[in-house]
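Undergrad: Residue numbers (the UniProt record's numbering), protein chains in the order written: chain A, 1 to 293; chain B, 1 to 306.
Do not take every clue at face value.
[Claimed, not checked] Derived coverage of chain A by chain B (criterion: at least 3 residues anywhere in the stretch with Cβ under 8 Å from a Cβ of chain B; other residues may be distant):
(1) 130 to 140
(2) 163 to 172
(3) 216 to 228
(4) 258 to 267
(5) 274 to 280
Derived from the structure by calculation, the hints contain no laboratory data.
Yeah, the Cβ is synthetic: ideal placement off N, Cα and C, and Gly gets one too.
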Amino acid sequence: MTTVATVRDTEMIDDQVAVRHRSVTPSLLYGALVLCALLTMLPFVWVISGSLRSLDEIRSDPGAWLPHHITLDNFTRLFATEGFGGFMANSIVVAIIVVAGNIVAASAAGYALAKLDFAGKRLAFGAVMAAMMVPFTAVFVTQFVITVDLGLADTLTGIALPGVAMPMSVFIMRQYAMSIPGDLLEAARIDGAGEFRIFFRIFLPLAGPAVATITIMSFLTSWNNFIWPLIVAQSMSSYTLPVGLAATSQAASHVTDYGLQLAGAIVVMLPVLVLFLFLQRYFVQGIAGTGMR
Amino acid sequence: MTTTVVPRAARTARRSRGSRRTAVAWLFLAPFALVFLLYTAIPTVAALGFSLTDLRGTDLRNPFAVDFTGLENYLRLFQDEIFLRDILNTALFVAVGVPLTMGIGFALALVLNAGIRRLRGMFRVVFFAPVVTNVVAVALIWQYAFNANGTVNKVLGTVGFAGPNWLDDPNLAMPVVILLGVWRNFGTAMVLFLAGLQAIPEDVYEAASIDGAGRWRQLRHITLPLLLPTTLMVSVLLTVFYLQVFDEPYLLTNGGPLGSTESVALYTYHQFGSGEFGMSSAASFVMLVLVMLVSIVQFRLLRPRA
Chain A
1 MTTVATVRDT EMIDDQVAVR HRSVTPSLLY GALVLCALLT MLPFVWVISG
51 SLRSLDEIRS DPGAWLPHHI TLDNFTRLFA TEGFGGFMAN SIVVAIIVVA
101 GNIVAASAAG YALAKLDFAG KRLAFGAVMA AMMVPFTAVF VTQFVITVDL
151 GLADTLTGIA LPGVAMPMSV FIMRQYAMSI PGDLLEAARI DGAGEFRIFF
201 RIFLPLAGPA VATITIMSFL TSWNNFIWPL IVAQSMSSYT LPVGLAATSQ
251 AASHVTDYGL QLAGAIVVML PVLVLFLFLQ RYFVQGIAGT GMR
Chain B
1 MTTTVVPRAA RTARRSRGSR RTAVAWLFLA PFALVFLLYT AIPTVAALGF
51 SLTDLRGTDL RNPFAVDFTG LENYLRLFQD EIFLRDILNT ALFVAVGVPL
101 TMGIGFALAL VLNAGIRRLR GMFRVVFFAP VVTNVVAVAL IWQYAFNANG
151 TVNKVLGTVG FAGPNWLDDP NLAMPVVILL GVWRNFGTAM VLFLAGLQAI
201 PEDVYEAASI DGAGRWRQLR HITLPLLLPT TLMVSVLLTV FYLQVFDEPY
251 LLTNGGPLGS TESVALYTYH QFGSGEFGMS SAASFVMLVL VMLVSIVQFR
301 LLRPRA
């Protein structure tokens, strides 16, 4: 948790470039880095080149590096596949519930934990910290039973609800709220503004960067989440994209349609990768700031 | 504790103001607290309770059919060869995955920090991209690439090796599964190490080089000791993460071939899948205890010697 203060803005990493090891041969370092970068990118190259090959081409030569004839056939087949549009819509709905819930729950809780004095504050913050350490696999059985009891099994609400209160979001919000000067809020308090007014009129407008961070982090978590939707979704109508993709690929494993699978993989990965390219600073900041994934 | 005498009326006014403040604060906390209670606090306590019963999936409609069985589930677990094998598999995952992930992350952070100015942003994007990609999607790519006729074997073929059927070989499946885990996580380690390196004040190095310390000595006597808190955090984080490994083995092999990649988390899931909720909860509690033990031991071992 010590990194929180140091990585307020990860651009620091860019700007304070060390002059310390000037003597290291730069070309050697660049060479090593480029090699590592290429190795890291290999799976992405595989998925793009594979998805652009026709079914016949994949069958005759499954492992080829590059397509002979580039075709979008796999993507057209994918979107024509039964249920696929539904998986996507489900993923989007779940992500919207999770992100909206995180913004509401975490900004309010983070504000209270940082800026309000009240009985039980230490206990509440301790609970948030402890919650980050409970392994999901230790509680999913009971979470499932509760979801069934609430009548939310096999519903999108049931899939989204546990993700609405991410302790990590509360933690990020609290850290951010701590950095906002108390005088500002105190002045408003003296002028007679109530806590809710202060929260909406003063705190939230200032909390933009933190809200952006938790929006991205919770979207990422929700979009990529796999085990929980796998457990809760019992019929195809409530599958999210990852569950739907895994199910289709396992059902068809005896006649593996790699073209379809790789096209599906791209469709699942693309929204997050595009978002990441534009907002990578926030992603990195969120992860470096909390030490959580 | 104030010792000045406060008139009774003012005292009660203050107290009621205090309780009003508390009420308002808890209103702010309410949305989070409700979901937290429902999905973290209650399930954790209930999981311990479940683990002491013979609860089965079919009992959910009829709670009175459930018997309290005490520690029986735990005794059965530790006589179950499959569970013991899965603990070994998980330990292997941790023992290989954690050092590899940390080593790669640390090396890249050092290099990026050591004066790579141009393209730094690009490298960071590239190395971090695996962290944000969807594991289901990546597992499909891995299956495609490590298939008997897949791209990896194609590459091996060009240099004259006949590649094996990786994911169907009990000896080779685990390395491939671990490789996926390492690929997905070294970016996180790198970012955390970069942050840690940036926190070391520049003048420490300047003083050392004035005293004639070379780069190697600086690394050994400045960077590594000052990076200890970061190293501790990253190692605990990764150990706890790999202890719970589920997605990678589930998607690549579903624990096979012959159970060679089945982790404790996957055991928990398989027990759950066959309706043995009591056994599943017991196994998950063993994991919870392991996670806690590892954190405590690592904090003890790596506590900075001041």
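Undergrad: Please go over all the hints and tell whether each is borne out by the structure.
TA: Taking the hints in turn, this is what the structure says about them:
For a cut-off of 8 Å, the count of residues in the segment 130 to 140 of chain A with a CB near a CB of chain B stands at 9, and the three-residue condition holds. With a threshold of 8 Å between beta carbons, the proposed coverage of the segment 163 to 172 of chain A by chain B holds, since 4 of its residues qualify and at least three are required. Against chain B, the segment 216 to 228 of chain A contributes 5 residues with a C-beta closer than 8 Å to a partner C-beta. That satisfies the three-residue criterion, and the hint holds. Note: the segment 258 to 267 of chain A has 6 residues with beta-carbon separation from chain B under 8 Å; the three-residue rule is met and the coverage holds.
Residue count for the segment 274 to 280 of chain A with a Cβ under 8 Å from a Cβ of chain B: 3. That meets the three needed, and the coverage hint holds.
In terms of the numbered hints stated before, the structure departs from none.
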